[in-house]
Amino acid sequence: MRAPLLSLLLAWGTAFAAAPAAAPAAAATSPLHKQLAEIQEITRVNPQRALPMLDKLAAELPTATPGERVNFLSLSCIAQYRLGHNERALPLCEEALVLGRRHNDEDAIARALLAKAYALFAMNEMAQSHQLVWEAEKLALDSQDRELRIRAMVSSGESHAEDGNFPSALNRIQAAVTQARQSGDPLSIVITLNSLAYLYNQMREPGKAFDALDEAYRAAETLNSPARLATLKNTEYGVAIDSGQLQRALKVMREELELSRQIGADPMIATALVNLSDCNLKLRNHHAALSYAQQALEQGRKLKDERVMSTARLNIGQAYLAMGRLAEGKKSIEEGMAWYEKSGHKPDLQMMLTEYGDALERVGDYAGALGAYHRERALSNELFEKRRQKAMLELQEKYEADKRQRQIELLRQENQVKSTEIDNRRLQQRVWWLLATVFALASAIVFMLYRKVRQANAQLEEKNQELKQQSARDPLTGLYNRRHFQEYMRGHQDTERRGAGLNPQGDDMVSALFLLDVDHFKHINDTYGHGAGDAVLREIAAGLREILRETDMIVRWGGEEFLAFLPAVPRGGLDEVALRLLSGIPARTIDYQGTPLSVNVSIGFAPFPLTRGAALSWERAVNIVDMALYLAKGHGRNRAYGVRGIKRLDPAALLEVEQDIERARRAGLVDLSVVQGGMPVLRAVS
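Quick note: the sequence shown, position 208, residue 207 per numbering that gives the first Met the number 0, numbers continuous.
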């Protein structure tokens, strides 16, 4: 596994950390100011060494200016959180913030807010961290301190990127790059361009990321700073890995390791060793991967860095598995995942479980692979539900805002009407002979307002319908989303209760559920980039529309999974549908940047209802189909497992089927059919 890149918001927390503020000439040349500037760079690459230096400077604080004291406290905060001492970091940030506000120094307040934001981000408090960054940005926009302005814009852009708002992120960081270029300061140019390259990689535009890095390298040549070069190498490694350029990634990470060792930057050495291990795993150089991972583990112990040690153990475990040392590999991986489970890093844990399942499947441990996939599925559903709830809240907030705006507009119109009526009464009192004219005028105004309200209501209804349609579709594939399917199934009555009866051949007519998962989809993303993965998902969606009927509901279930609900199909024809899907999906090929791509799928399916007259909910039916799908994945993929029926429907039997369908089949509780796909296709076909 690759070393976690928390975000540039954290990684660049000391890029400008406690940069000495623009100050009068006397202050700018003070010994304390110069010492803080020297410690600033040391903090970024070796916080262990920086802390004793800061402790020595503490004796000079009583005679320091308020700005220097704020710089000292902010730099101490950053050094502490980079060492993982978050409980020490936050009080230092708060003290700096209080000091800045006491002296009404907006620059000092902004620097303290940014330091606190970085510390909170290290504690996974992303929402609160982003709010502090944006508060600091407002204060820094009018500052005379150029470095502070640029730092605030870069941090703001990275916060917007973390929220998924890439247009705002790009706007902020490009503005920071422009200011850095205008200043001619090579350090600012390197920092802002590195942040821009990182953002382009998040946006899946590796070409633009490499262009930004090329310019950054040219600026870095004038700095004579191995630390800055090492940081650029780390970003280049991430772009190369995500765009599938593994040999380039391996070369650049070796160069970063050498630079980090030159300057004794222990945290950067640990990251480089983990990344070299991960890259060698991807290249199937398992002995090299094991060696680098073991070195990373020792480096993590030296730093007392649990994240580095846990990630190293994961890579050691994967190397052991690939080398046939199954028990050692599983033990090491479970030890590595334990820290991520305890720390609540669920997206990282989900990725690890997927890699774990793939590794176990490659070595033939299908039972272990099924267990890993089942854990990953439970976590995936939990994360998907959280994202769905967040989207619903955002949609509700947007609706409430639109509603408030309409109410304000109606109140304004009502005030206009009331004002007109008051004027009319005055006119009636003064000029009786104009009564008829005034009445006609008032009636015309009311009629016009009435028409406007009707038009507004019609537009609102149109927008509501449009919003409802958008909320029912997946934006990438255009298929229905999970939320729409859930609403549909709440009102659905199965065909047997409607009296569908038999087809002309005498077979039962039922509904059916098919759950498809793309085989080795992560390999597509790792090798060709996420753009290729998105193109494959769109092509599969198009294929499903052609293979299935117009009356069938096709759903983007989540990630690389698709669900199809087929109403009114013969019970005996479900295996044939599965065979059409297994043959039809691999037959479709896309050309992605000159590389033809095609994929297989694994399928779980069942009639709905599973048994005539059974009151089994659709949610439990999907769970059982999901278990059938993972049985297909665990037994070699490119195949379909279908649930023909369940012999007993008591709670204990159903629970056993849902928990371990393989054991339930051996116990005679469930009747399964197996449909084998054709020859497996390569992920890149020639």
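Keep in mind that a hint or two might mislead.
As the list claims (entries may be wrong) - List time: in silico SDA-like cross-link candidates among lysine to any residue, alpha-carbon distance up to 25 angstroms: (1) Lys-250 <-> Leu-222; (2) Lys-33 <-> Lys-329; (3) Lys-345 <-> Met-322; (4) Lys-301 <-> Thr-353.
Said to hold, decoys possible - Here are the simulated distance ranges between beta carbons: (5) Thr-594 <-> Lys-250: 14 to 24 angstroms; (6) Gln-412 <-> Gln-181: 43 to 53 angstroms; (7) Phe-165 <-> Leu-60: 47 to 57 angstroms; (8) Pro-61 <-> Glu-254: 51 to 61 angstroms; (9) Asp-162 <-> Gln-412: 29 to 39 angstroms; (10) Gly-83 <-> Glu-254: 20 to 30 angstroms; (11) Arg-283 <-> Glu-327: 38 to 48 angstroms.
Since the hints were made in silico from the structure, they are not lab data.
Glycine included, each C-beta is placed from N, C-alpha and C at the ideal position.
These are the hints, each one checked on the structure:
| no. | hint | verdict |
| --- | --- | --- |
| 1 | Lys-250 <-> Leu-222 | holds, 23 angstroms |
| 2 | Lys-33 <-> Lys-329 | violated, 52 angstroms |
| 3 | Lys-345 <-> Met-322 | violated, 28 angstroms |
| 4 | Lys-301 <-> Thr-353 | violated, 30 angstroms |
| 5 | Thr-594 <-> Lys-250: 14 to 24 angstroms | holds, 22 angstroms |
| 6 | Gln-412 <-> Gln-181: 43 to 53 angstroms | holds, 49 angstroms |
| 7 | Phe-165 <-> Leu-60: 47 to 57 angstroms | violated, 42 angstroms |
| 8 | Pro-61 <-> Glu-254: 51 to 61 angstroms | violated, 45 angstroms |
| 9 | Asp-162 <-> Gln-412: 29 to 39 angstroms | holds, 36 angstroms |
| 10 | Gly-83 <-> Glu-254: 20 to 30 angstroms | holds, 27 angstroms |
| 11 | Arg-283 <-> Glu-327: 38 to 48 angstroms | violated, 19 angstroms |
Comparing the model with each numbered hint stated earlier shows that hints 2, 3, 4, 7, 8 and 11 do not hold.
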